[in-house]
Every structure is written in structure tokens, then in C-alpha cells.
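Chain order of the listed sequences is A and C.
Letter by letter, the first sequence follows residues 1380 to 1568 of the working numbering.
Letter by letter, the second sequence follows residues 1380 to 1568 of the working numbering.
The hints are simulated quantities; they were obtained by calculation from the structure and are not laboratory data.
Be a bit skeptical, because a hint or two may be false.
Think about it this way: if two alpha-carbon atoms lie no more than 20 Å apart in a straight line, the pair counts; the simulated EDC-like pairs of lysine to aspartate or glutamate are [claimed, not checked]:
| hint | chain 1 | residue 1 | chain 2 | residue 2 |
| --- | --- | --- | --- | --- |
| 1 | C | Lys1547 | C | Glu1564 |
| 2 | A | Lys1547 | C | Asp1389 |
| 3 | A | Lys1414 | A | Asp1513 |
| 4 | A | Lys1414 | A | Asp1389 |
| 5 | C | Lys1442 | A | Asp1530 |
| 6 | C | Lys1567 | C | Glu1420 |
| 7 | C | Lys1547 | A | Glu1501 |
| 8 | A | Lys1547 | C | Asp1513 |
| 9 | C | Lys1547 | A | Asp1461 |
| 10 | C | Lys1414 | C | Asp1560 |
| 11 | C | Lys1547 | A | Asp1521 |
| 12 | A | Lys1547 | C | Glu1432 |
| 13 | C | Lys1414 | A | Asp1513 |
| 14 | C | Lys1414 | A | Glu1501 |
| 15 | A | Lys1414 | C | Asp1521 |
| 16 | C | Lys1567 | C | Asp1423 |
| 17 | A | Lys1414 | C | Asp1423 |
| 18 | A | Lys1547 | A | Asp1528 |
| 19 | A | Lys1414 | A | Asp1560 |
| 20 | A | Lys1442 | A | Glu1455 |
| 21 | C | Lys1547 | A | Asp1513 |
| 22 | C | Lys1414 | C | Asp1389 |
| 23 | A | Lys1567 | C | Glu1539 |
| 24 | C | Lys1442 | A | Glu1501 |
| 25 | C | Lys1442 | C | Glu1432 |
| 26 | A | Lys1547 | A | Asp1537 |
| 27 | C | Lys1414 | A | Glu1455 |
| 28 | C | Lys1567 | A | Asp1560 |
| 29 | C | Lys1547 | A | Glu1455 |
| 30 | A | Lys1567 | A | Glu1455 |
| 31 | A | Lys1567 | C | Asp1389 |
| 32 | C | Lys1414 | A | Glu1564 |
| 33 | C | Lys1414 | A | Asp1530 |
| 34 | A | Lys1414 | C | Asp1515 |
| 35 | C | Lys1442 | A | Asp1537 |
| 36 | A | Lys1567 | C | Asp1530 |
| 37 | A | Lys1442 | C | Asp1513 |
| 38 | A | Lys1414 | C | Glu1420 |
Number of protein chains: 2
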Amino acid sequence: MQQAEQVVVDNGVNVEAILGARDALTETPAAAQFKWRATSEWVDGTHTRASVENFYGLGEEQKHRQVFGFDTDHPELFASEDNGATPVEVVLVGLAGCLTAGIATVAQNRGIQLRSVRATLEAGMDLQGILGIDGDVRNGFDGVRVVFDVDADASQADIEALVAQSQKRSAVFDIISSPTDVQVEARKS
Amino acid sequence: MQQAEQVVVDNGVNVEAILGARDALTETPAAAQFKWRATSEWVDGTHTRASVENFYGLGEEQKHRQVFGFDTDHPELFASEDNGATPVEVVLVGLAGCLTAGIATVAQNRGIQLRSVRATLEAGMDLQGILGIDGDVRNGFDGVRVVFDVDADASQADIEALVAQSQKRSAVFDIISSPTDVQVEARKS
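One chain only, chain A, in its complex shape:
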């Protein structure tokens, strides 16, 4: 009889720490109240530079290891300079990152070794909305489609279940698919 191999699954996710955090936050729900932040500065035209550095969580101010900077702009076909991805493409980047992190975490928890996880995202938008041509056309996406190609030691059904569980717990999936109140204030400086 062949001896069963000891398979060590390592997707680089510390599931014990996450489960520990879940226990800790179940005890002290106030620590689970996070505030995520970004600041931005207009550069010129449609070009903006944003920074992400601080956030609040576990009851105190937190800092990323470094400041993360992002340029957004509009493409040349809108007579802009294309100094960065468009803001709507950046939202797709957030969705990809959120769902993929979830897939790695759930896979680790389920003992599924991942080899590669690729996502392809596409979102339709009818520009008659933002250009004010047709008031019945929304400004945002008319829908988003995400396709994951997952290479892993798992069946198609297991992979589908993995991706479905990630979607179920994804913050950005929820932000895009469900309404969120956004308050915008303006001050003359």
C-alpha cells in the first residue's frame, strides 16, 4: 500500500491569524469598525493624483508601510493626456484585487493549493449618460463581468464554490452591486 503524501497547502495566507482576528473581533465588535481613506490633488485637466496612507481600525489610527500613489486621467480620445487609468478602470482593479484575495484566503482555509488565479474584467458603459445626451442612461456601468481562470488542485465544482464564497464575502463586490450612501461636500479654500 502506497503511503499517503502529506500535502502542505501554502497560498501565502495566514488563515490562523484571520480566524484569530475573527474570534477577537467577535469579542470586541468596536475594534471591527474601520475607516478607509484616500486623499487626492488635482494635477491639470482630467489628471488627478491620489494617495493612500492612513486608515483607522482595531480602535486606533493605522498606517500602511508606505504611501501608495495613483494617477487617474482620461484617455486621448477624450482630448485628455492619458496620464493614468480612467477612474472607472481603477474601480475594476479594486474588484479584481478584492475577489482574488478572497479566493486565496478561502482556498487556504479549504486546503486547496492554488497555482495561478487570473481575472479578466469587462464593464459596459454608455457614454450618453455622463455626457448628458440621454437622461435615461445611467452614468456608471451597465454591468460588470468577471471571469476567473484558476489553476489549482481542485475540481471545476470546487473552484466554482471557492469563487462563489469569495464573492459572498467581498467588500468591493458589495460596494459595486449594492447601493452605498455617498456624501460630497465642497469648501472654498
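Following the hints, put chain C in place on chain A, whose structure we already have.
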């Protein structure tokens, strides 16, 4: 009598081109159908690298001047390596870029010279949602607050109207504040 100064407003936005595009797309609405895209590749743990390069619009495939790359990750307090902003912060970056580009465009159209436009964004999130502690807590933001500090040749009322008009035509504001259908598919590769 003092001679009125000729004030040339230049926010770096080519409003004539945008109005021309609006006229053109009013004639040919099919050209207004855009498809925005991103692709991503899991790196390790919660770290993902995304790219933005191609999109579809004006009836044909389009390309950015360069590939725009983005790293997303989770912070160290979630036992991750903090190799990039979190996906939810990236969504805030998109909102900042979209509203700011709109402010510059509307200001140009209204003859308002901007000197600086700063945005501060904050979004609350109760982590009991994504951690599955409390099924009544949503995964996403419980709300977003954006404060714009605008230095411009305009009154407080004009600045408020400017920001309100940008919000009214913002794609990312709409994506966050209104529901969008997101379809996620998984394939074993």
C-alpha cells in the same frame, strides 16, 4: 474708466473637444458604447497585480498610451504583507479621480479658473461583515464622505454648484451609490 481684463480660463480641459464629442455621439449613439477592462494575476497571499491597457469605444478597440499597473494587498494587521493599497481604498481613489476630473471639466465650461482641488475621502466599514461574524452587517462601506477643498476664482456658492454638477455626471459616484449587476464566472485552467 478701467478697461476690463480679458481673463483666459485654462484648467487644461479641452471643452470644445468634449462638446464636439457630445454632438458626434448624439448623432451616432452606437459609438458611445464603451467597454472598460482590467486583468489581474494573483501574486501570493492577498497580493494581486492588475493591469489596465485596452478598452473599446467609438466603435473600435482602443489602447492606452501605456499599460497601467496596480498592486493591491491587505495590511500587516491582517497578517498580510501590505504590498499595495487595499482594494476598497482603490475604489476611493477611483471616486476621487472621477469627481475631480468632472470638477475641472465643469469649471472650464463655466469659465472658472481653478488653482487647486483637494479631496479627502473616508469610508466606514464594519469588518464583522467580511469576516462573517454578523450576517446583518454588509461587506462593503457603510457610507462614504468626500470633502473637496477648492481654491478658485469663484464664490462658495459657485464652488458648491460646480462640485454638485460633477457629482451629477460622475460614473464612479453612480457605480458606488447605485446598484450594478456583477456576474462572476469561474473556470478551471
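Against the structure, the hints come out as follows:
1. C/Lys1547 x C/Glu1564: 32 Å, violated
2. A/Lys1547 x C/Asp1389: 47 Å, violated
3. A/Lys1414 x A/Asp1513: Judged against 20 Å, a Cα distance of about 36 Å means the pair is violated.
4. A/Lys1414 x A/Asp1389: Outside the cut-off at roughly 30 Å; violated.
5. C/Lys1442 x A/Asp1530: 29 Å, violated
6. C/Lys1567 x C/Glu1420: 15 Å, holds
7. C/Lys1547 x A/Glu1501: Not satisfied, since the Cα-Cα distance of roughly 24 Å exceeds 20 Å.
8. A/Lys1547 x C/Asp1513: With Cα atoms ~13 Å apart, A/Lys1547 and C/Asp1513 stay inside 20 Å; holds.
9. C/Lys1547 x A/Asp1461: Status violated; Cα separation ~23 Å.
10. C/Lys1414 x C/Asp1560: 15 Å, holds
11. C/Lys1547 x A/Asp1521: 17 Å, holds
12. A/Lys1547 x C/Glu1432: Distance of about 28 Å is beyond 20 Å: violated.
13. C/Lys1414 x A/Asp1513: Distance ~18 Å between C/Lys1414 and A/Asp1513 Cα, so the pair holds.
14. C/Lys1414 x A/Glu1501: 6 Å, holds
15. A/Lys1414 x C/Asp1521: 10 Å, holds
16. C/Lys1567 x C/Asp1423: Roughly 18 Å between the alpha carbons, so the hint for C/Lys1567 and C/Asp1423 holds.
17. A/Lys1414 x C/Asp1423: With Cα atoms ~25 Å apart, A/Lys1414 and C/Asp1423 exceed 20 Å; violated.
18. A/Lys1547 x A/Asp1528: Given pair A/Lys1547, A/Asp1528 holds - Cα atoms ~18 Å apart, limit 20 Å.
19. A/Lys1414 x A/Asp1560: The given pair, whose Cα atoms are some 15 Å apart, holds under the 20 Å limit.
20. A/Lys1442 x A/Glu1455: 36 Å, violated
21. C/Lys1547 x A/Asp1513: Holds: C/Lys1547 and A/Asp1513 sit about 13 Å apart, inside 20 Å.
22. C/Lys1414 x C/Asp1389: Violated - the C-alpha atoms of C/Asp1389 and C/Lys1414 are around 30 Å apart, more than 20 Å.
23. A/Lys1567 x C/Glu1539: It holds: about 8 Å lies between the C-alpha atoms, which stays within 20 Å.
24. C/Lys1442 x A/Glu1501: 14 Å, holds
25. C/Lys1442 x C/Glu1432: 6 Å, holds
26. A/Lys1547 x A/Asp1537: Given that 20 Å is the threshold and the Cα spacing comes to 15 Å, the pair holds.
27. C/Lys1414 x A/Glu1455: 16 Å, holds
28. C/Lys1567 x A/Asp1560: 37 Å, violated
29. C/Lys1547 x A/Glu1455: 23 Å, violated
30. A/Lys1567 x A/Glu1455: The hint is violated at about 31 Å.
31. A/Lys1567 x C/Asp1389: Holds, at about 19 Å.
32. C/Lys1414 x A/Glu1564: 31 Å, violated
33. C/Lys1414 x A/Asp1530: Distance ~27 Å between C/Lys1414 and A/Asp1530 Cα, so the pair is violated.
34. A/Lys1414 x C/Asp1515: Judged against 20 Å, a Cα distance of about 19 Å means the pair holds.
35. C/Lys1442 x A/Asp1537: 36 Å, violated
36. A/Lys1567 x C/Asp1530: At roughly 6 Å apart (the allowed maximum being 20 Å), C/Asp1530 and A/Lys1567 satisfy the hint.
37. A/Lys1442 x C/Asp1513: Since the Cα atoms of A/Lys1442 and C/Asp1513 sit roughly 27 Å apart, the hinted pair is violated (cutoff 20 Å).
38. A/Lys1414 x C/Glu1420: 27 Å, violated
This entry does not satisfy hints 1, 2, 3, 4, 5, 7, 9, 12, 17, 20, 22, 28, 29, 30, 32, 33, 35, 37 and 38, going by the numbered hints stated previously.
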